[in-house]
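Chemist: What follows is each chain in one-letter form.
2 protein chains.
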Amino acid sequence: MDDAVAAASRSGIARTTRDERADRLEALADALEADRADLVAIAHDETHLSTARLDGEVTRTAAQLRFFAGVAREGGYLEAVVESPDPSLVPPRPDLRRILRPLGPVAVYAASNFPFAFSVLGNDTASALAAGCPVIVKAHPGHPELSRATAALAAAVLPAGWFGLVEGMDAGVELVRHPGVRAAGFTGSVRGGRALFDLAVSRPDPIPFYGELGSINPVVVTRQAAAERAAEIGTGLVGSFTRDAGQYCTKPGLVIIPAGGGVEEAARAALGDAPASRQLTPRMADAFADGVEALAARPEVTVTRGSGGDGVSTPTIVSVPAGAFLADPETFLAECFGPVTVVVSYADDELDRILSALEHSLTATIHRGSGEDVTALAERLSGIAGRLLFDGWPTGVAIGWAQHHGGGWPATTASVHTSVGATAIRRWLTPIAYQDAPQEVLPPELRDGNPLGIPRRES
Amino acid sequence: MDDAVAAASRSGIARTTRDERADRLEALADALEADRADLVAIAHDETHLSTARLDGEVTRTAAQLRFFAGVAREGGYLEAVVESPDPSLVPPRPDLRRILRPLGPVAVYAASNFPFAFSVLGNDTASALAAGCPVIVKAHPGHPELSRATAALAAAVLPAGWFGLVEGMDAGVELVRHPGVRAAGFTGSVRGGRALFDLAVSRPDPIPFYGELGSINPVVVTRQAAAERAAEIGTGLVGSFTRDAGQYCTKPGLVIIPAGGGVEEAARAALGDAPASRQLTPRMADAFADGVEALAARPEVTVTRGSGGDGVSTPTIVSVPAGAFLADPETFLAECFGPVTVVVSYADDELDRILSALEHSLTATIHRGSGEDVTALAERLSGIAGRLLFDGWPTGVAIGWAQHHGGGWPATTASVHTSVGATAIRRWLTPIAYQDAPQEVLPPELRDGNPLGIPRRES
Numbered sequence: 004m005d006d007a008v009a010a011a012s013r014s015g016i017a018r019t020t021r022d023e024r025a026d027r028l029e030a031l032a033d034a035l036e037a038d039r040a041d042l043v044a045i046a047h048d049e050t051h052l053s054t055a056r057l058d059g060e061v062t063r064t065a066a067q068l069r070f071f072a073g074v075a076r077e078g079g080y081l082e083a084v085v086e087s088p089d090p091s092l093v094p095p096r097p098d099l100r101r102i103l104r105p106l107g108p109v110a111v112y113a114a115s116n117f118p119f120a121f122s123v124l125g126n127d128t129a130s131a132l133a134a135g136c137p138v139i140v141k142a143h144p145g146h147p148e149l150s151r152a153t154a155a156l157a158a159a160v161l162p163a164g165w166f167g168l169v170e171g172m173d174a175g176v177e178l179v180r181h182p183g184v185r186a187a188g189f190t191g192s193v194r195g196g197r198a199l200f201d202l203a204v205s206r207p208d209p210i211p212f213y214g215e216l217g218s219i220n221p222v223v224v225t226r227q228a229a230a231e232r233a234a235e236i237g238t239g240l241v242g243s244f245t246r247d248a249g250q251y252c253t254k255p256g257l258v259i260i261p262a263g264g265g266v267e268e269a270a271r272a273a274l275g276d277a278p279a280s281r282q283l284t285p286r287m288a289d290a291f292a293d294g295v296e297a298l299a300a301r302p303e304v305t306v307t308r309g310s311g312g313d314g315v316s317t318p319t320i321v322s323v324p325a326g327a328f329l330a331d332p333e334t335f336l337a338e339c340f341g342p343v344t345v346v347v348s349y350a351d352d353e354l355d356r357i358l359s360a361l362e363h364s365l366t367a368t369i370h371r372g373s374g375e376d377v378t379a380l381a382e383r384l385s386g387i388a389g390r391l392l393f394d395g396w397p398t399g400v401a402i403g404w405a406q407h408h409g410g411g412w413p414a415t416t417a418s419v420h421t422s423v424g425a426t427a428i429r430r431w432l433t434p435i436a437y438q439d440a441p442q443e444v445l446p447p448e449l450r451d452g453n454p455l456g457i458p459r460r461e462s
Numbered sequence: 004m005d006d007a008v009a010a011a012s013r014s015g016i017a018r019t020t021r022d023e024r025a026d027r028l029e030a031l032a033d034a035l036e037a038d039r040a041d042l043v044a045i046a047h048d049e050t051h052l053s054t055a056r057l058d059g060e061v062t063r064t065a066a067q068l069r070f071f072a073g074v075a076r077e078g079g080y081l082e083a084v085v086e087s088p089d090p091s092l093v094p095p096r097p098d099l100r101r102i103l104r105p106l107g108p109v110a111v112y113a114a115s116n117f118p119f120a121f122s123v124l125g126n127d128t129a130s131a132l133a134a135g136c137p138v139i140v141k142a143h144p145g146h147p148e149l150s151r152a153t154a155a156l157a158a159a160v161l162p163a164g165w166f167g168l169v170e171g172m173d174a175g176v177e178l179v180r181h182p183g184v185r186a187a188g189f190t191g192s193v194r195g196g197r198a199l200f201d202l203a204v205s206r207p208d209p210i211p212f213y214g215e216l217g218s219i220n221p222v223v224v225t226r227q228a229a230a231e232r233a234a235e236i237g238t239g240l241v242g243s244f245t246r247d248a249g250q251y252c253t254k255p256g257l258v259i260i261p262a263g264g265g266v267e268e269a270a271r272a273a274l275g276d277a278p279a280s281r282q283l284t285p286r287m288a289d290a291f292a293d294g295v296e297a298l299a300a301r302p303e304v305t306v307t308r309g310s311g312g313d314g315v316s317t318p319t320i321v322s323v324p325a326g327a328f329l330a331d332p333e334t335f336l337a338e339c340f341g342p343v344t345v346v347v348s349y350a351d352d353e354l355d356r357i358l359s360a361l362e363h364s365l366t367a368t369i370h371r372g373s374g375e376d377v378t379a380l381a382e383r384l385s386g387i388a389g390r391l392l393f394d395g396w397p398t399g400v401a402i403g404w405a406q407h408h409g410g411g412w413p414a415t416t417a418s419v420h421t422s423v424g425a426t427a428i429r430r431w432l433t434p435i436a437y438q439d440a441p442q443e444v445l446p447p448e449l450r451d452g453n454p455l456g457i458p459r460r461e462s
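Taken in sequence, the protein lines are chains A and B.
The first sequence begins at 4 in our numbering and counts up one residue at a time.
The second sequence begins at 4 in our numbering and counts up one residue at a time.
Keep in mind that the hints were calculated from the coordinates and are not lab data.
Don't take every hint at face value.
The calculated label-pair distances, taken between Cβ atoms and stated as ranges, are [claimed, not checked]:
id, chain 1, residue 1, chain 2, residue 2, range
1, A, Asp451, B, Pro144, 43 to 53 angstroms
2, A, Ala290, B, Pro95, 25 to 35 angstroms
3, A, Val176, B, Arg356, 43 to 53 angstroms
4, B, Gly195, A, Arg39, 50 to 60 angstroms
5, B, Arg56, A, Ser462, 23 to 33 angstroms
From a predicted model like this one, the values you see are computed outputs, not experimental measurements.
We treat Cβ as the ideally placed atom computed from N, Cα and C, and that holds for glycine.
Hey, can you work out the whole structure from these sequences and the hints?
Modeler: Structural data, given as structure tokens:
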């Protein structure tokens, strides 16, 4: 551990140019795609995710690496500002120039459910390297061989110290407490994330801890939407919550539908065609079974199960009337990782109370009727959602400058930031202001005449 | 407390337009200046700061309020991004639009040493209101009457719930733990800030806590600078560290000078002309006396005192050779709030070790010779400084887009953000992404055609 952090501290990545880092990220993407077949095979053995899904995830992960290469090359993420002296102001303004600089070594806690895209060379690693921070990944125990294989790629492509891998729970604890580590990113459970967050903030020198934790991702179907396309919504719901065994942080875990609108019947009908899949680990499958059992044990609940089999988790719909949901919202709002969703049926005068019970989530979704004005509902949900989407399903998180993958507790430990999209890089950066600095001391991005031509604010 | 938070939650400020909030901030600035004479008189009674200084601080505070009004009006702070659908990407990109929205009620812990500019209507309050967050200020006990008088101005100018004031340590503790409070800003001591930070992060739902704490603000004088202008530097130093009884978070508390370069003699000579002033509270004066005593008790230390008197704190220079400093850096790096600075004299081969002992600070300063290349020294100090300045003094913090007032622990609890300058507003905002949203649901800043004409990124 000390060796890995010491190597990171000596790496010199903070002094590289943005183009150098972008070149390396692109080389990493190429290397990942070159080894695609071998990596997918290892991942399939370890995670039981389908090879088609894993193949797509490799493509996504390579796209993320190239995307952050582009973010680094462009330079807008530096938030550079150049202000000339103005003695007429109160207080007078000197020559002042601001830029963001890398925080230093970053600890990344890999996720189980995206063995490529949110693991060793995933979003956290790509954004931190783009920022100029060396990365030490704590491998997820769910896919150790894959973690080592992707780490070996990184070792081959990246200069010494830019990247390190550690394994085991003790190493994970040691990492977040290590004096040389300056920030941490995490994707996983509320319990695990909270434990590491507590360690990060109780250090003698607290460090930022960006944890992406649990999320129920409520979906609200209006009466008009149900009237117009109950069958489509029911089928779409089943496709979304059973996709890859329901192991998405953006899985729709709570679906709020108008009573008697036909959505539930459509979903139940579609459930028979949903595939039953093996979950990532036996422990997750057990937790899933326990979670479904706890939901099923509540009064007034109806459980509908799809096809099952040995060693797989059966797609399940838990239906509950609004009254029973409101009598015990905590039970129904607990995230259950796997192919299950809770469907709450509302009479029109119950919707408001259901919405009031919701916690912060990574996403919230509205299915509305054609031309229906859902402004009030959208404003209500915007207060608890990191991403608010319409007439679609939250699984699937696009990459871009406009993406936000975050939200208030318990969706994340740091609601001000995102773990997906260009601005994920902001997590690993701290500002510095230069006052009356000679030109040669300034980073080139702040020098007179903007020699590197980056987007910057000048006044 | 519950009443204040409930009123804040009901305030509706999050739904106001940027122009409405800007109008209110400007009205607040006008009101502050209209009552300038009365307010300065109250402040002078309570803080013992000079009326000239306090008068200037009112002007600064009004300028800050107007500055954040301008930040709100411009809208660039929203970081708006509009991305059109692109099905060719992996994963495919929907219509995705991102904006920042206010976090909700903000707790502001006022500082003692800037009874206007970092207190009731100071930077934290101005930036939070501009962001659209209601504010509840915990008054500093050092100026209770002034706090009430400025709070009364706010009550007269601002709509119900936008602003509240609470007093007393218990209220301060209750505030940061209150479920309705969504973020906190703090300016004060390491001990007080750490205690509140610990409460904020140990909540069932942790909230961001932006604390600006202690800072030693190292100054390095090169041998060439000393050779060229020892007298000017010595005099400037005394002016800076004794200004307003040395009660600045940016006071130069550690000055690293070449042995035998003449800077120390010049500073000692200037010390006789430095004013002895009464500190903000008797407790601070006692802590100052204790701090100086602890420094003076170390071996090899020379203490030079300026003029003193009853009830005032005597400007003091504590001189220490590099060897003695390096034998016990912790003692010499402890912030001592008041008119004292530690001068460390180095032989050329000792400078590196002294720099290695430094902690993070709000500022670091280099005095260099004419045309001297200080690139290596600047790079070294940029790793520990929020603001790096040249041939000047760190007291005095300009307002602007390029300003940064922050730094790593122990300078702040949140090194990724700033408490002064336009980007201070970023602390009170969280992103939201809208996916495939109908136009009428979107904030006007994200609608097609950019109807409000704000700076935004489109692709």
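Chemist: Honestly, which of those hints from before does the structure not fit?
Modeler: Those not satisfied come down to hint 3.
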